[in-house]
Amino acid sequence: MRRLAAAAAWGSLLLALGALANPLDRPQCVAPAKPGGGFDVTCRLVQKMLADAKVLAKPVEISFVPGGIGAVAYNVFVAKRSAEANTVVAFSSGSLLNLAQGKFGRYTEDDVRWVAAIAADYGAIVVPQNSPLRNLRDLEQLLRRDPTKVVFGGGGGVGSQDWMKAAVTARALGVDFKSIRFVAFEGGGEAMKALRGGHIHVFAGDAAETLQQMGDGGIRIIAVLAPERLAGNLRPIPTAREQGYDIRWETIRGVYVGPKVLDADYAAWVQAFQKAMSMPEYAQMLAERGLSPFPLTGTRLQEHVKQSVSEYRKLAAQFGLRLSAAP
Amino acid sequence: MPWRRVRRLTLRQGLLVLLVPTMVGVSAIELVNTYRYSAEAANTAYDRSLLGVIKAIDANVSTATGGLAVELPYRLFELFELTASGSVHFRVATADGLVEIGSPDLPPPPAPLTLGKAVFYDAEYFGDSVRVGAYMRELDRPLSASGAQHLLIQVSESTRSREEFTRRFLQSTATRDAVFLITMFLAVITIVSLVLRPVSRLASQVRGRQVADLTPLQARDLPADVQPLVDAVNQQIARTRDLVAQQRLFLDDASHQLRTPLATLRTQTDAVLRQHDPQLVRQGLEEISGQLDYATRSTNQLLVLARTDTAAIQASAFDLVALVRDTVVVLLPLARAKKQDLGIENSDENLPARGDVGLLREAISNLVENAVRYTQPGGEITVKAASERATLTVEVVDNGPGVAVDDLSRLGERFMRGRGRGAQSGSGLGLAIARSIAQRHGGTLVLESAPGARGFRAILRWPGGEAGT
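Chains as they are written, first to last, in my numbering: chain A, 732 to 1058; chain B, -9 to 459.
Next up, chain B with everything else stripped away, as it sits in the complex (with noise of 0.2 Å):
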């Protein structure tokens, strides 16, 4: 396909190759525009000549003597030649042609005359192309050759002379086009390469840059045109760089993480090699598993946060209280070995919803185990799913401790353990998780005091009801 082909051609090539022709037709339509329009003022002009010689001789015609009579002096004659370059011809006569003066034969007027209206037309004599006026106006007094009451009085001309100008008319309009046209196309060559200077600037200066270079562009001096490019470019390395630094503080956090439970286990063991005692070995091992469990759930963790952050949210249709259900399940033996009280308030209604279901239970999942794990033995705990103008909620509040105001605002960011550090071990991944999972879903995490004295609420919100998808 050509179109294709153009599209290709750097930008310099394809406005020649666009406005060449373009321009070019573009004159020659004017050119055509220009002779018709010269050709028709040539003829006007010409012809007011004509009716001027015209009149003069009419006002030159004599029928005194009974004949017809014209008195022509040398200066009309000179009138004539000034006229037209080529020659002239006159002709008056008598209606019926019986009387004549001047050249016989010149071409009648292609249809009947008008009294005392001049035409003028194209014709043919002797092989000259003339252009011929005619006007016709009643005799004075009858003659005696002839009955005619009418005089005819017709003036040729060569055509040479207008079509001369027509011609030099149009030779100036077409040189004036040609520079024109050259004149445009080097301005159109030089300012293309003047304008895209800059943007030739930019490439090389991106080609320089280090890998790890994540300063933004410099967009000094570019078209307004190619701007939002660099910006949607620099938007681009903000982006990256963010997630470069995300990156680095999770893999920083991730090694700590990983390297205490394993340091941990290095004492753990270290003190059980140097135990004797079966019973106290026993006891050693069983911490040292729980250790393991700690460590395993941490790492399980820190994987599920790595996949959120980057895998894609596949979504799907489900009913999002049988999902809370499911979830709140799997949690009850925690919950009942703490002897605390977890249900559902809505367990029996159905909520259409959407979203990515393994990511949904696993942040719902991750905010009753926090609430388990955070609220004192016999506590109780209510979760809530809703659905409110296509915006789907999930609440889990409980009556433990709550959480004190200035770490408030910085719940849920990474390894971050708001309440009752140390007695309860956490990996302060679990609200990370839940919200970057709100977040994948274009939704929030709202962490806030329960409405009552004590306690605290957690509010996962994303749009995905039904009147959403």
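In isolation and in its complexed conformation, chain A is listed as follows (with noise of 0.2 Å):
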């Protein structure tokens, strides 16, 4: 009896020192947020390549820390799980975004290390599929001759994401962002099932979401916000750019770890997603999502990271979102 309970013990001691030996042993992945929303998308999408990679001994478990956009689970990670090195947490765009505007409460940019960022989305002008707007030039026309007859609409309020697109083509078109109208949504479902019904005549959402109900009917994408245009079904839709107007708007995906995860582990990870992401499987699980691939890991997503805060924050300023309010 006894013999056995200690070999129980030994058994135990050594799997918990396999845990701490491999952090991809046991994998996690942090929704921070309640499930079926964005961030539950992240951790699919990261369960879905590392399993095809082979790369993990176990497929991820998915975990939920919803509460205030990721910040709840930002500041668990900055400081009780600090040191937790078999889990990451999704962040977007959206995070880096509230960061920028010090929504994560005291916590910066630097107080966690960013492992990688999976997948690119980017920014679409949607309009009902009976709408007389054509491409932007429609939509710049009808805002120079009354900006009160044009409601945008997205997830979420001044200062988000939809907000932003809004605020940011609207100044493109030469139209003060001060002037328009715009209706805020629990989300971009919500923003959608409202442009349908007529309720708002643009929805400034993201192309990937948009694609997914795209097949519903009823609605239409006069432009794209990204570099050049996208692949798969959203190949004819031409970009903001070609249209004469300079507006990019990126929304990326990807995982971070806590600040004191051990530079062995941290180096596990990102050696994982960049075998992941060079597989043949992940550029197709992306292109059927709508999804662009945006392989930056380490150092480099560091990098970028630190630099998209810093224009976010850029461009709180202009909008005057020193004191935002929430997205």
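No false leads were slipped in.
Some but not every residue of chain B turned toward chain A, in silico, with C-beta under 10 Å:
no.	residue
1	Thr55
2	Gly56
3	Val60
4	Glu61
5	Leu62
6	Pro63
7	Arg65
8	Phe67
9	Val89
10	Gly92
11	Ser93
12	Asp95
13	Asp118
Hints listed in this document are in silico derivations from the structure and should not be mistaken for laboratory results. We put the beta carbon where it would ideally sit given N, CA and C, even for glycine.
Dock chain to chain to rebuild the complex, using the hints, since each chain is given by itself in its own frame.
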């Protein structure tokens, strides 16, 4: 009896040591939201690409730490779970926008270790199927005639990504961003429902998200805010740049780990993602979802994040969002 | 004891020692109250603007799409920014939280909300201390994603700006109080110095006086509080001046009084020394002896008068009738020698009285002796003691020659002999002594013509009856 218990104890100790030895043995992905959101999607992508690449002994488990659009999780992983080597946390450009606006409390982008960006999505200007607007030029003319005739919509309020896209677009079209009408919805889905119902005229959304909804019909995209045309079903849609407007809105998705995770464990995660992103399954997975590859890892990602946050900070300042309302 | 130490300080020190802690205490209490009041006022004012934001959001909420939508004009957002110097958050959600726009996890209200009534509460939001306004109303129509009937609107702002407001308010109050306190202390020091300047002037005036200077102090420019003290001192000076004058008068009279019999004795002695006839020598010596008796009595009376003027009254209880009887008995042989009828009217009564027995005996004795001396042989003298409503009287009436009306008013003054100068030798002090004794007892001596055709009446009256003790 005693011998058995001792064996069991040894067994669990070895297991624990094994877990410590390799962070990828019991991998976890934390979605800092309730199930079903964008972060959930990110974790599912992580789960699939790492499984496809066969770099893990076990599939990635997904757990949820909701609160404050990522703020709660960010605070938890900076302070309490800061050395948890087997867990990656999902982030998006929305998280960086919040960081830039100081909505993650006293912490900054330097307080975690950014592991990998796995995908990018680009902004899309969406209108109802029966809208007279065919391109950005039409929108410009309409806005210049009477900005109050055009109602924009999006998930989140002033200062959110969708609002920023609308404001950036208006600015590029030569209209005062302060004069545009913007209706906030709970999320992109709600906004698109309102678009179909004719309650709003323009939705400043994301290309991938819109693509999922395109199947239901009733809506169409007049411009994507990407540097060049997107792949797959989105290929026919011209970019804003093609139409003569310099508008670009990029939304990246990725993961980070706590600040006290050891260099070796951090490197193991980076290598795993690098390998996964070199697989052909990865490109296919993204294309199916209308997402674009954005293979940035390690130090290069750290730099990119720093630069993005500083750009968002500049943009927020230009839009007078110093003390912004929540997204 | 600290209080005793405080009282020993100068007026200025005392004022400061008592005023400084009092005023500092009062200011501290005032500051605390100001803090409470301004915090409350700040909350009221800032809450109102929060309510304005809630109402503005409420007006822009729409459920027309079947979902929740809030139109957020940038101007409204600017209004948020103007509202507070810290971060502003809002949240529009169904009561069950299934549908929400804005900052999730804004702290919920501490108590269930009443529909249509905004409440405000303090809370923590991501490490920031915030003030939250919450308002709940019915939904126009149920949303597709939630069965909730009610819509909750919450707006929060950092408490920084209202704290700043309170802090500035408090700071200006504290500065004002400090300036006020310092000004007041300086004013107290200056005013006390100014007010006390006449007092120090008075002090140096008193210090500079000659020993014999008995003129009143100058009370001009003195504070009203010090006036009574100066008045009292002046009164004391006046009394001293009177006393000195009286003593000088007494001394003059006394020296005259003593010098006269001494001169007479000198003359008589010289006359006797020139005599050779033993018969005449003896006769001369007898005259000298008589003169010595007179001088002795005169001296004794002077001493008595000096004593009555100054000695303290030693009051005790005694029977007045007995005292009168004892006094009269002593003088009975003198009256008998002049075949006078000296009697006491109420010799068997008993009158409890109070006073200095020795002095009163002297007074009564003087009155009776005076009557015996100035009443013709065979005359009648009656002594009567009485007590009426706590006032005691001893009345001596004779049927002698009486006193001329002119002299009556001066009678009882010192060394004034009223009746029959020369023939009857008296010191002129008897009535003065009696009057002095009456006055020392708080009473009077009345000297008047007797009620009958002729005669003299003296009434000694003083408060000392049984009821008065």
